[in-house]
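Single-letter residue listing:
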Amino acid sequence: MLKGKGIKAIVSMIGLDGHTTGGEIVARVLRDAGFEVIYLGATQTPEMILQAAIQEDVDVIGISSHASNYIQIEYLVELLRKNEMSDVPVICGGNIPKHVAKQLKGRGVAEVFPPGSSSADIIGYIVANARGAQRRSA
Amino acid sequence: MKRETDYGYALKSVYGPEDVAGFDYSRDLNDPGGYPYTRGYYPEGYRSRMWTQRMTAGLGTSVDANKVLKKYRDMGQVGGICVISDRVFSDCIDPDHPLGRREAGVLGWPGCSLLEFEEMMEDIPLTGQSITLLGSSAPSTLRLAYVVALAQKRGIDPSKIHGSVMESPFENYFGQTDVSPFDLNLKLFLDASEYVLRNKIRMRASIISQHFQESGGNSAQALAVNLSMVKEICGRLINERGLDFDTTSLLPYELVSVGTRFFEEIAKMRALRRMYARMAKEEFGAKTEKACQLLMAVHTSGRTMTYQQPLNNIARCAIQTLAGVIGGCSALDNATLDNAHSEPSALAARMSLNTQHIVAYESGAADVVDPLAGSYFVEALTNKVEEEGYKIYNEIQAMGGMVAALKKGFIQEMLSAEAAKKFREIDGKERLVVGVNHLVIPPEDDFEIPIQEVHSQDSETIANRMAEWKPTRDQKLLNATIGQLYADARKDDRFNLMPSIIEAVKAYATVGEVMGVIRKGRGLSYDPFEMIECPFTFE
Amino acid sequence: MKINGEDKGLIDALGSGDIRTCARIISRIERGDTEVVSLLQALYRAGGRSRVVGVTGPPGAGKSSLVSQLVKVWRKRGLKVAILAVDPSSPFSGGAVLGDRLRMAEHSCDDQVFIRSMASRGQLGGLTKAVGDALTVLDAMPWDIVVVETVGVGQNETDIIRHADVVALVQTPMGGDDIQAAKAGINEIGDIYVVNKGDHPDANRTCRQLRDMISLGQHLNPGDCSWVPPVIKTQSLLGQGADELADQIENRFRNLRENPEMARRRARERVRHRTAEIVRDMLDRRLHSEDGQAVEAMIDSVLVRERDPYALAAGLIAAMT
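Protein chains in written order, with this note's numbering: chain F, 1 to 138; chain H, 1 to 539; chain Z, 1 to 321.
Just chain F, with the same shape it has in the complex (with noise of 0.2 Å):
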């Protein structure tokens, strides 16, 4: 058994990012492990992600970022909280500088991959700290 399975993932560009090349190859690398995978694609508000993971119901949202517009990624961060969702962690990938990373962290992202993270990493984080991970493995 894949060890994605059962787990419902976004993947999601956010703000005016348009740059979809990252996001499409994590949510195919995703699925082949068994994981479900909400890929929203370009030109998300943070609205629009948060009404998807209220509406989909999933476990992890993933950002693929490469647009610098980390504010918006704060932002998403923020609005999860308004609407009780912090239990959803939010996990980023991109071209994401050391500073902003701790920065991001300590705003409440719960994980940043740099480039050139392994696909084994991604998932082994995903697996072991999506909503539910206790009860997937009980």
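Each hint should be verified, as a subset may be incorrect.
Unchecked claim - Computed cross-link-like contacts, BS3-like style, restricted to lysine-lysine with a CA-CA straight-line distance of at most 25 Å: (1) H:K421 <-> F:K3; (2) H:K429 <-> F:K3; (3) Z:K76 <-> H:K520; (4) F:K105 <-> F:K82.
Hints are computed from structural coordinates only; laboratory data are not their basis.
All values derive from a computational prediction rather than experimental measurement.
Based on these hints, arrange chains H and Z on the given structure of chain F.
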């Protein structure tokens, strides 16, 4: 570890005469400056014309961008300026649009109106250097309008300006997306192209494979896609706009992405020149030599600039720059060592420019044209990538050309599959990247490089300034020019909108207003995001 | 039937349109949580209000963008809409990339629109039951229209779409060979036929061919003669034809109301279908359950040909009653 080219050809360990059997110098290579131009376009190479060395800029407000451009000039970048738009301008909305507020000035220049362009270009000459404004296809007509409008204001003859401000609509499929529909981007791109060609403005249009390759496409695919894009654009300018090939050949400017696989990149550039020349002559009946030459600039690959151990990127950039120079180009801009981290810091920018200067003045590579010609390996590689490129090119042509292949999803699937393959190769260590999947060191042990800070509070400032400034414009003139633009936008696709766009831009219409009104004229919503209403009324 | 306190709370929440409760219950259904059954029973007994529209067709027909246009029309008419977008999972990994939401992005932040993706999770049989259960949940909420969207025209997709009251079959303009293949698709489940990408040069011809095939089918198999499935042309990317489609859907609903005998017959089929799914699911669990030692022993005996699958089946059913 794979010992293959990036398009899957297994490399031998040694190449010899048998690998170039049937080689005919005058047919396959010829001297530099002679058809089919495999060896380059200038008999004296860089001795007669050094490549333009430049760096990209565009961060924060237009005033900030102006400062950066002046700083680069002081650092030795005198050949030209190169500025990238922010996402807001790329999507053709204004900074005071609800979605624009948080991202204005982030990762690019907020070029929303002529005012911004004037601020950015203060004390910077429009002539005597190449003016390049990049960033997505949709705002191409606006960028051109800014240049023409500013030239008129400064009393400069536009035909004295050179550079590139137009990007082809194909970009949207290669990861450089904007939110404009393809057919609108295509029509406006053709409008801008026709305008520069008829008015003899030496502005080029980038019809490039850079984004294709940066999104994962391989060299053979890049060659096929390149030729197909140029063929499509030139074909339309000829058939739909009544131009002839030799005129349209002045338009395209190719930006080749050069990665670390040194010899393959050189072979790719040589093959591209040869394939383009043959297409020009045999498919389009080019009458002049110039029409068989493709203006080629090089961009060293940003994708190869690793996040881990960024100092390694200096070595990568050096190899890539050397490959680009030996391959033969008219301009070269390098990605910087901190590409995976942020916009270039001053240190990284200087490092990249110095890399070019070292290659130019210390390596001797610029003293001889096409120095690797005659190498069994390089000639064999050139032939091979050309052969593989033609296979894909023929497939695309059989479908009816680039636009048809895109409509069928062929190009997108090819790119997706290749990107996934590249990821798998690295993930599975079939290809090694030092610091990433080979010889990895813990992040704590890594060298800390200075990182350019991103000032996010500028976005709100830019947005507020725009909102306050809009009502101060000459409303009568604005309404008149916008009204004319709307009327023209409702006409047939072949009606060139550039003249009315330029008039609106001179009246300080913003990008959101210009594009919004064009969209409305074509039956689309004013705002691509359908969040704001058109502020103008028309009869 | 007695309803426990917790279920009552959930039923009330659903009745008031609580999206989050709805989303969570659907997740429990997808996980195969047996504790949700009592809730589903109560919901079913109290339900019957919703109008379910099925949209299906081969991949690439543009269903999602067409549904998005339909939703636009319905929203303009003041209707609240829920959409279940069903996608196949990878047969290799059991995972899935669900991209229907992407094509309906304009409705993302409309709180009168609910979009939920469902994937087969590698067990196609279980999926049609899960869709039925999800529809029962949506039935308890104030949606005016519920859409079930599936891709493909295979047997599994047909099973899923049977849950709908009115079915729209969407295809693209076809060339010569495809017409033959499409004949297989002209079956009793289509109430409305849609030819998308209607600006394609072959679109009109495809519409004509479909109309011919439909009238031939009706002639050979005069089932429901009060309704002749219309053929509509749409262009979902340009937003053309969606109004007409919404009107035809209304027409079919009205037609069903005016022909209660026919409607009852279809409803009875749906109940048969739904019950069979539930039975199949129960049997599936028994056959695959890890603590079913007795079942494993029986399978062993079938393998060595001491018993046969017929006896095994009869034994299972006997054990369950």
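Taking the hints in turn, this is what the structure says about them:
About 21 Å separates the Cα atoms of H:K421 and F:K3, which keeps this hinted pair within 25 Å; it holds. With a C-alpha separation of about 21 Å, the suggested pair H:K429 and F:K3 falls inside the 25 Å cut-off, and the hint holds. This hinted pair checks out: Z:K76 and H:K520 have alpha carbons roughly 21 Å apart, not beyond 25 Å. The straight-line distance between the Cα atoms of F:K105 and F:K82 is roughly 18 Å, inside the 25 Å bound, and the hint therefore holds.
Hint violations for this structure: none, all hints satisfied.
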